[in-house]
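Spelled out from the first residue to the last, the chains are:
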Amino acid sequence: MVDLTQLMENEAFMAFASYTTIVLSKMMFMSIATSFYRLTRKVFANPEDCSYGGKGENAKKYLRTDDKVERVRRAHLNDLENIVPYFGIGLLYSLSDPDLSTAILHFRLFLGARIYHTVAYLLPLPQPNRVLAFLVGYGVTLSMAFRLLKSRLYL
Amino acid sequence: MVDLTQLMENEAFMAFASYTTIVLSKMMFMSIATSFYRLTRKVFANPEDCSYGGKGENAKKYLRTDDKVERVRRAHLNDLENIVPYFGIGLLYSLSDPDLSTAILHFRLFLGARIYHTVAYLLPLPQPNRVLAFLVGYGVTLSMAFRLLKSRLYL
Amino acid sequence: MVDLTQLMENEAFMAFASYTTIVLSKMMFMSIATSFYRLTRKVFANPEDCSYGGKGENAKKYLRTDDKVERVRRAHLNDLENIVPYFGIGLLYSLSDPDLSTAILHFRLFLGARIYHTVAYLLPLPQPNRVLAFLVGYGVTLSMAFRLLKSRLYL
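Respectively, the protein sequence lines represent chains A, B and C. Each residue of the first sequence is one higher than the one before, counting from 1 in UniProt numbering. Each residue of the second sequence is one higher than the one before, counting from 1 in UniProt numbering. Each residue of the third sequence is one higher than the one before, counting from 1 in UniProt numbering.
Accuracy of the hints is not assured; some may be wrong.
So the derived list for chain B, only partly shown, Cβ under 7 Å to chain C, looks like this [said to hold, decoys possible]:
hint, residue
1, A17
2, S25
3, M28
Covered by chain A, according to a simulated footprint, are these stretches of chain C (three or more residues, beta-carbon under 8 Å) [as the list claims (entries may be wrong)]:
hint, region
4, 20-33
5, 79-86
Here are some chain A residues the structure puts well away from chain C; computed CB gaps all over 10 Å [claimed, not checked]:
hint, residue
6, T40
7, K42
8, K61
9, R64
10, L95
11, L105
12, L111
13, I115
14, Y116
Rather than coming from a laboratory, the hints here were simulated on the basis of the structure. Computed from a predicted model, the values in this text were never measured in an experiment. We put the CB at the ideal spot given by N, CA and C, even for glycine.
Kindly produce the complete structure, drawing on both the sequences and the hints.
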């Protein structure tokens with residue numbers, strides 16, 4: 001069996017692995033938040049889930065939408081839309097032998113921006129808090145894409 | 001050109017590649033399932049698609065929603081929300097030189113849980129079938145995240 | 001620190017990195033398109049965003065849905081549903097020592113198909129333009145999955 005210590009001794013890749021595992025775990029937390037609001041507010045999307053709201057004839061009345069649940073779902077979808085390109089571009093960037101401190105700055109800014117975005121979306125904080133958090137994360141990903149294409153373009 | 005056999009001779013990475021290709025193909029099947037229900041039930045989201053429901057003035061009446069189509073779409077979105085963190089964390093975990101049999105156990109459990117989740121969502125099976133399938137997949141991803149951060153944390 | 005030039009001198013991987021960075025950047029553009037239509041048409045999903053539509057008591061009237069905004073959001077979600085399996089399968093495929101010109105053909109076809117899909121969705125073009133673009137991208141991903149499993153199956 002091959003020893004992969006070579007890859008895992010690469011500091012930029014290890015930093016990417018650590019920060020990205022945290023940002024993906026944060027995204028997974030949104031599923032828990034959705035379930036929490038669905039159960040405490042008795043708001044379900046499927047008839048078979050309504051028994052969690054209470055038994056009996058009227059259980060179907062829990063088949064409805066709710067502002068808070070929809071808000072968490074929008075925050076979750078926004079995470080997906082932004083963390084997927086961050087992960088793809090960041091993985092390739094971290095393997096392209098970037099400057100270590102520049103790379104870590106990118107990963108830290110993205111993690112902070114996405115955590116702040118979630119807080120600003122769920123409380124909610126007044127705008128432009130959420131827009132700015134979104135733009136910081138977006139800019140980090142574009143910056144990594146630009147650096148990657150500048151140094152490694154192969155079409 | 002460089003020989004990548006080193007990476008592809010790593011058994012944990014090869015196992016991850018095989019199981020993950022299957023789980024991603026399963027997710028792609030959800031697009032086919034959505035199209036199938038849209039065409040057989042004549043339920044479309046875009047005016048330009050309505051001609052698949054039949055010609056003529058009344059084609060616009062197919063611009064509607066349908067319980068079964070929405071169910072498939074929710075199952076698809078749930079796949080995305082869970083397979084994205086599994087892929088990201090699992091890829092990094094499989095590169096971190098994990099114990100082979102532990103790693104394969106994680107990949108197998110996740111694949112089984114997501115297939116069962118889809119079956120439970122589409123039939124549908126009564127709860128808590130779907131919740132349990134979700135929790136198994138969720139737990140597998142968290143377990144890989146924990147193992148990765150424990151052995152390789154670099155912040 | 002380890003030298004990663006080995007990986008980045010692999011031509012199939014470099015080609016994957018370049019094409020995928022472009023396709024992920026294209027997906028990120030969908031966020032901008034959504035914001036553009038939300039701001040110009042004054043259509044918002046959150047009460048705290050309505051001040052971008054204008055001040056005053058009536059700002060809440062901008063809390064509504066709009067055909068064009070929903071169209072862009074569907075195109076964005078379709079991107080996510082298709083680019084996530086492409087990225088996962090394509091990354092593993094590009095690391096499996098594929099034939100270089102075959103690999104580049106796959107990446108080019110996928111990039112072209114997704115750009116055409118977005119154009120066909122947003123204008124919109126009459127069907128079957130969008131369906132064909134979807135099927136080309138879908139076929140490329142399945143073809144990579146098939147080649148990967150054929151050469152590297154390890155269960």
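Against which earlier hints does the structure fall short, listed by number upward?
When the structure is compared with the hints, only number 10 turns out to be violated.
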